[in-house]
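Residue-level listing of the chains:
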Amino acid sequence: MRKLLVGLLGSYLAMPVAGACPWCRPRVQAGIYNAAYPTYMVLVLLPVAVLLVLGVGLFYWDKIRTSLLAIYANR
Amino acid sequence: MQTANTGAPQRTPLVAAGLLLGAGLGGFVDGIVLHQILQWHNMLSGQVPPDTLVRAKINMYWDGLFHAAVWVLTAVGLRLLWAATGRADVPHSGRTLGGGLLLGWGAFNVIEGLLDHEILGLHHVYEYTPNHLPADMSFLAFGLVLLLAGGALVRAGRA
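Residue numbers (UniProt numbering), protein chains in the order written: chain A, 1 to 75; chain B, 1 to 159.
Don't take each hint at face value.
[Said to hold, decoys possible] To give an idea of the interface, some chain B residues facing chain A are shown, with a C-beta separation under 10 Å as derived from the structure:
1) Thr12
2) Gly24
3) Leu34
4) Gln47
5) Thr52
6) Ala69
7) Ala83
8) Asp116
9) Gly151
[Stated by the list, open to error] What follows is a set of in silico ranges between Cβ atoms, one per label pair, in the way DEER data are often shown:
10) Asp89/B x Val6/A: 58 to 64 Å
11) Glu118/B x Val53/A: 53 to 59 Å
12) Ala149/B x Tyr72/A: 33 to 39 Å
13) Gln36/B x Ala70/A: 46 to 52 Å
14) Arg2/A x Glu118/B: 51 to 57 Å
15) Gly151/B x Tyr60/A: 20 to 26 Å
16) Tyr128/B x Ala70/A: 15 to 21 Å
17) Tyr72/A x Leu78/B: 21 to 27 Å
18) Gly57/A x Trp82/B: 15 to 21 Å
19) Arg158/B x Ser67/A: 41 to 47 Å
20) Gly64/B x Ala73/A: 45 to 51 Å
21) Tyr37/A x Tyr128/B: 22 to 28 Å
22) Tyr33/A x Gln39/B: 22 to 28 Å
[Unchecked claim] Listed next, the stretches of chain A that the computed footprint assigns to chain B, with coverage defined by at least 3 CB atoms under 8 Å from CB atoms of chain B:
23) 22-34
24) 50-56
25) 64-75
These are calculated hints, taken from the structure and not from any lab test. Note that this is a predicted model, so its numbers are computed, not measured. Ideal placement from N, C-alpha and C gives every residue a C-beta, glycine not left out.
Could you put the whole structure together from the sequences, leaning on the hints where they help?
If you want it as structure tokens, here you go:
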């Protein structure tokens, strides 16, 4: 059993990084890192950014409201 | 950070922390169940259909990036929960926190569903059909149910 595990681990370590698909890695990287990358990055992260602003804004709502009221009062 | 008790209990910080934690944990449910186990709902499947191994791996990258951001939501929620529980004016209410968690999960489904599925068209919940609407609407409806349940639980926490 131990020999089997050592053999499996050894063969795993000897594999190239993209062992499951050694031939397609350049095509995958070309499909990710292209001109559309910044656009996709913004679009993919947009819902998380909205939720983050919502949650943090709600947490500090008292301070935000006080600051806004102070700004409004000084106008 | 310990803050002096100034009178009226403040539930909003606990709801806010629960909201971020709930959104993060809801995002993990989405990632584990829909993306990985069912292999639906991939981030760019509306733009780069995962119909070949290469395209599936491209989607896998963007799924990973999205869920890394969801991890950040969870971590920030945990930090805010720590800050909220250190305040004397924030009541230690399981219902309020539970309500916040459900609100967060519901907000995740509704915001992600409206932005990515309906407005941006980045992907749909179930891409492998000409009619995306039933799965998309079910996702949104589940989010609305969670929002209603969360709101009810937060209100119950005031009692």
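Violated hints - listed by number, lowest first: Those not satisfied are hints 3, 9, 11, 16, 17, 19 and 25.
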